[in-house]
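Fit chain W to the supplied structure of chain P, relying on the hints for placement.
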Amino acid sequence: MKTMRDAFFDEVFKLDAMVVTADMGAPALDKFRGTDKYLNVGIAEQNMITVASGLALSGKKVFVYAIMPFATLRCFEVIKSTICAMNLPVTIVGVGAGFSYEDSGPTHHSTEDISVMRSLPNMTILSPSSSGMASLMASIPDTPTYVRLDRETLPEIQRGSSWDVRCPGEGLDYIIPAKTVIITTGNMVHTALKTGFGVMDIYKLKPLNERLLLKHFEGIERVVTLEEHILDGGLGSIIAEFMADNGILKPLKRIGVDKYYYDYGREHLQKLCRLDVESVTKTIQDWVQPPNM
Amino acid sequence: MNLEKKAFELRKKVLDMCVRAGTGHVTSSFSCVEILATLYEVMVPNDRLVISKGHCSPLVYAILADRGVIPQEDLDGFAKDKFGVHLQYNIPGVEITAGSLGIGLGIAAGMAYAKKLDRESGTIYCLLGDGECYEGSIWEAAMFAGHHELDNLVAIVDRNRLAVTDFTENIIRLEPFIDKWKSFGWWATEIDGHSTEYINMVLNWYIPFKKPKLIVADTIKGKGIPFMENVPLWHGIAPSGEDAVKAQKLFEDEL
Chain P
67 MKTMRDAFFD
77 EVFKLDAMVV
87 TADMGAPALD
97 KFRGTDKYLN
107 VGIAEQNMIT
117 VASGLALSGK
127 KVFVYAIMPF
137 ATLRCFEVIK
147 STICAMNLPV
157 TIVGVGAGFS
167 YEDSGPTHHS
177 TEDISVMRSL
187 PNMTILSPSS
197 SGMASLMASI
207 PDTPTYVRLD
217 RETLPEIQRG
227 SSWDVRCPGE
237 GLDYIIPAKT
247 VIITTGNMVH
257 TALKTGFGVM
267 DIYKLKPLNE
277 RLLLKHFEGI
287 ERVVTLEEHI
297 LDGGLGSIIA
307 EFMADNGILK
317 PLKRIGVDKY
327 YYDYGREHLQ
337 KLCRLDVESV
347 TKTIQDWVQP
357 PNM
Chain W
19 MNLEKKAFEL
29 RKKVLDMCVR
39 AGTGHVTSSF
49 SCVEILATLY
59 EVMVPNDRLV
69 ISKGHCSPLV
79 YAILADRGVI
89 PQEDLDGFAK
99 DKFGVHLQYN
109 IPGVEITAGS
119 LGIGLGIAAG
129 MAYAKKLDRE
139 SGTIYCLLGD
149 GECYEGSIWE
159 AAMFAGHHEL
169 DNLVAIVDRN
179 RLAVTDFTEN
189 IIRLEPFIDK
199 WKSFGWWATE
209 IDGHSTEYIN
219 MVLNWYIPFK
229 KPKLIVADTI
239 KGKGIPFMEN
249 VPLWHGIAPS
259 GEDAVKAQKL
269 FEDEL
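If you read the sequences in order, they're chains P and W. Positions 67 to 359 (this note's numbering) are the ones given, in order, by the first sequence. Positions 19 to 273 (this note's numbering) are the ones given, in order, by the second sequence.
Bear in mind the hints are in silico, worked out from the structure with no lab data behind them. Certain hints may be false.
[Unchecked claim] Here are the computed lysine-lysine pairs in the DSS-like style, where the Cα-Cα straight-line distance is at most 30 Å:
1. K134/W - K80/P
2. K103/P - K134/W
3. K30/W - K127/P
[As the list claims (entries may be wrong)] Here are some of the chain W residues that sit facing chain P, going by a computed Cβ distance under 8 Å:
4. Y107
5. E113
6. T115
7. S118
8. G124
9. A127
10. A132
11. E158
12. F162
Don't be surprised by glycine CBs; every beta carbon is placed ideally from N, CA and C.
So here's chain P without its partners, still in its complex pose:
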């Protein structure tokens, strides 16, 4: 099975587009090397963004690529002042969602990117939950786009018919309808599927498909959000804001990351912040039916 980035860049290769990388590789990028489609600016993410903007202002369609915190936070203001301020067709591809870089410490963990990137008014944010989905997201952008890829190979998920036609346009997939539903994204979709609760996969975090979400919310009684991301401004905030804006008064429980972790191993890290299947299941069970004190 292909990794997310290989699945993604194999599709990008078929497009009339360039990849500008800050010296970040991927097996799928090897075929780009030595062609006009490939430009390595070195470990200089800010320059990756400005050069990509110059290329876009010259009519090129550009994908930029780096490890997630550096592709986003490191050059956030440059992204704002170039790609966003001029509404350029540039896709920012970050690899390493959440604790993907499990052994690299908090510098490489990406647990703030959703909060930060969603504050940019015209930024589309895509967050695939499998390699197949990532490949569907590789298309020529018209406007600023941010794709957050997991470093791990996330397996395909059993879904309803024709969902791939609706991805990424529709923005979400209500995989298991239920009264208590975990709304989640990326790798945590796989965790949610093992809990026995309902699961909704939001793969377009911005703009949110509010129309479809409103329809699905009619049958939902309790909402849980689950993310390998800081709670402030992340998916939980997106859903809480959606509910508040639409006057939806239903119980909401947000589960996510609370601080920086200096431990190693993704499973271990998830256990520490109670994002493993067992902890998530227990948190929700205790919330739905508080244990007798």
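Frame of chain P; chain W shown alone:
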């Protein structure tokens, strides 16, 4: 019209615009009047100009109006309802949204690289302030342009030796400035930035090297209004009251 006369009229116009608006970077505009007035004369249709020091906007608006790209009457709306203090890409004749210092050179380098890819003629010009050369992104872009031998890229630094609050050499030394550029793979030279003759000459020089070209234009911040020249506190300020009268008096008579 000769360029000295043009420069005089542009200064007069910029001063009027800023006094009327009560804001605008008068001194930062005045240091690069000769540079931009000459550059616009030199440029041909396939060339592009990226203005990284976007706070010289009143000067750019005045030039664009003079060249008929935007209506003259729009200049009255400077810093009001027409144009902001920083350049925006949606204004005719303006290539990028500027204001965030240090980003223009990378964008210009991207444009120059695109021209190389497309085997397209023309030069990408980039106007930088010296103060923004503290930004690391400038040197990331300088390294990129030097490595890729972008000989279709010409950057001009308005070296007025002042940043916002102080002289550059007091804040953090930029010197030996030209040597830094040379060591990054650029062909670089230094000229009097208020001499339209020298600016014109150096812009037209053919350089027999596959290198981006860097012109350090030695200038005076606030050039043309003696009491505002080389005074750090005049950064980003338009003269008002008696100062405005005194400044505008300097441009009363035709050159």
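- Query: Against which earlier hints does the structure fall short, listed by number upward?
  - Reply: 3
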